[in-house]
Amino acid sequence: MAKEERRKERLDRGIKARTDGLYAIQSWREVGYLVAPRAGLILGLLILPLILPGLYWQRVLALAGVYALLALSFDFLAERVGLVCIGGAFVIGVGGYIAGGLNYYFALSPALTIPIATFGGALICTLLWLPCLPLRGIYFAVVTFMFPFLTQSIILAGGLLGSTEGLSPVAGFPNIWVGIYLIMVIVLLSIFGLRRLCGEDIGIVFAGVKDNDQAVLASGINITRVKVYALFIATAMGCFGGAFIAHFSGFAGLSLFAVDFSIMPIAACIMGGPGTMAGPVLGAFILAPLSELLRGLGQLRVVLYCAVLVGFILFKPEGLLNWAARKYHQFEHWVKV
Amino acid sequence: MASKLDRGPIEEVAAVDILIYGIVNGMTFALFAVGFSFVYGISRLPNFAHGALYVVTGFIAWTFINSAGLPFWLSIILSLIIVSLAGVAIYQFVMIRVRGMPISEIIVSFGIALAILEGLRLQGIGGFKGFIGPGYVLPRFIDGVVDTPWVTIDLQRLFIIAVGLFIMGFMWLFTHYHKMGLALRAMAQNERAALMLGINSDRMANISLAIGSALAGLAAIAIMPLGNINCESGYDVLTKAIAVCVIGGLGSWGGTILAALTLGLATTIMSVLGGTMWNNVLVFGLIIFILIVRPSGLFGQQKELEERV
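As you go down the protein sequences, you meet chains Z and R in turn. Be aware that the first sequence starts at 1, since it is given in the numbering used here, and climbs by one per residue. Be aware that the second sequence starts at 1, since it is given in the numbering used here, and climbs by one per residue.
Don't read these hints as lab results, they were simulated from the structure. All C-beta atoms in this analysis are idealised placements derived from N, C-alpha and C, irrespective of residue type, glycine included. Just to be clear, a hint being listed does not mean it is correct.
Here are some, though not all, of the chain R residues that point toward chain Z, as calculated from beta-carbon distances under 8 Å [unchecked claim]:
id, residue
1, 103
2, 104
3, 111
4, 112
5, 115
6, 122
7, 242
8, 280
9, 284
10, 285
11, 287
12, 291
13, 292
Kindly generate the complete structure, drawing on both the sequences and the hints.
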């Protein structure tokens, strides 16, 4: 009759408790425990391009880096500021077209066009989305999702910016190593920069806007201004990605507005672990090569891809990194109830 | 269009043409949108699989008619039943777990939609050829055209108007006078209060998805005979449904119809003036404009404050 019930008990490892405070620096083992995951990420991203076989996979890796940037900015906006922005394709498109256009029409070098595209593009995106900022949840998501389609239709219907052919050629990087290490370094800087930002005062205000914007308003802070800061930072990362793609592929065209750039970062974020910053990056570096591997399968690829996505949301909503962090910090065993 | 000999002055003909085809176009928009609007209005679930259900109905009906050889009406009824069950399955097995998390709801339902639409195009697995090509056409209810002094219109387009009006009227009566319809509206207004009055919210959400999917199916059966069945139209239907819902305001029947007719007329006029290229610009531009200027849509009143602004 009475069914034996068990539950999983989780306890922090001793070393986790010890490394929480200042005492961590007392032994190499504890310093190692703290440093290992971070060093693993940094070294992993820096060494990965060296050990990959051939140009093809290096290009895939660079593309994965762009997806990682987008996933990071999606994660930052959605989980830290509470703006669910699924218009990654628009941001990429704006950045890509600015960089591509400057290079194509005025022959500026990538060293100039990329910074201009990053900050100018972020400014444009922020200004265009400024009127939408009062919207919340699914409505902000729908508006931002519509923007790439709108721009695409305008470019097509008006025959602007090279229309269907796009702008080509756009100057590439001197060699592939410059490109690939540029994106890797930017990804790393963004992860640690955003983490630091979220720990500052403004990060607390971001969290406040996400959880209870009325309370933030009541303490005399202009929430629209705070959202604008966040949006500018996030779109700057996306625009950099766009400019990078334009120069890396030597082409700026309508493919920059592909839905992939809106959907894939979300998938990466969900797979990697929402709200963890490093998780979405991990997710992007898993998903992008995976989808390249499955390219031969044709339509089945999309079906599998969706199955993975839905499966993760339903059965593992915490994502890979949260799961891994739990394994790293805690041990668990079954106890009788 | 047929010859315009022995008809009125050309401007008059063009105006009536635009009006009639605009109304038909508007009714198509309305048919696309009712199911989506119904589900979202009642259970707050953005069912992004709406377009996929629309396409699926077409293919199921086609299979019943052509491969199984069932009579037309029977296969329509069967496919509607199947698609409602699919809607229930989507809620029961998937959506129920993510309810209340908007972004997960969108991703999950969009994931299902992508899986269905791309799955229908799969080729070469188990000898399945994939539903691609112009061969997949649903039969019209009755073939024929109506000739008036100004315009020639085929019966199927008139049927679309009739079906649209019938659905609107039926749904309005159902949600205002039937006990279950009232329960659905109660849940839309205040889920907790409805729960306290003994309305099972999960069952109501199931019912709303079943009805919403059946409405998508009905739209498919009425509209698809005009062209062939293809998977791409699934995305198109979804976009148009969202456009109508956003512009008209969710949970408002009048708003939905009005927005659909406006969009229908506007796109028809647009394609006469500037070519169909600008249609998408118009639709997306309107959505963004309306959301920014009047976030609850032209006629939406429900939960305006806490949800949008």
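Against the structure, the hints come out as follows:
At about 5 Å, the closest approach between the beta carbon of residue 103 of chain R and any beta carbon in chain Z falls short of 8 Å, and the interface hint on this residue holds. Here the hint on residue 104 of chain R is kept, as its CB sits about 5 Å from the closest CB of chain Z, short of 8 Å. Given hint, residue 111 of chain R at the interface with chain Z, holds; its Cβ is 4 Å from that chain's nearest Cβ, closer than 8 Å. The interface hint given for residue 112 of chain R holds, since its Cβ lies 7 Å from the closest Cβ of chain Z, which is under the 8 Å cut-off.
At its closest, the beta carbon of residue 115 of chain R sits 4 Å from a beta carbon of chain Z; the interface hint therefore holds under the 8 Å criterion. Hint on residue 122 of chain R holds. Least Cβ distance to chain Z is approximately 5 Å, under the 8 Å limit. Proximity of residue 242 of chain R to chain Z holds as hinted, the smallest CB-CB distance being about 6 Å (cut-off 8 Å). The interface hint given for residue 280 of chain R holds, since its Cβ lies 4 Å from the closest Cβ of chain Z, which is under the 8 Å cut-off.
With a cut of 8 Å, the hint placing residue 284 of chain R at the interface with chain Z holds, because the nearest CB-to-CB distance is about 4 Å. A hinted interface residue such as residue 285 of chain R counts as satisfied when its beta carbon comes closer than 8 Å to some beta carbon of chain Z; here the least separation is about 6 Å, so the hint holds. Among the interface hints, the one on residue 287 of chain R holds; its C-beta lies about 6 Å from the nearest C-beta in chain Z, closer than the 8 Å criterion. Given the 8 Å rule on beta carbons, the hint for residue 291 of chain R holds: about 5 Å separates it from the nearest Cβ of chain Z.
Given hint, residue 292 of chain R at the interface with chain Z, holds; its Cβ is 4 Å from that chain's nearest Cβ, closer than 8 Å.
Violated hints for the displayed structure: none, as all numbered hints are satisfied.
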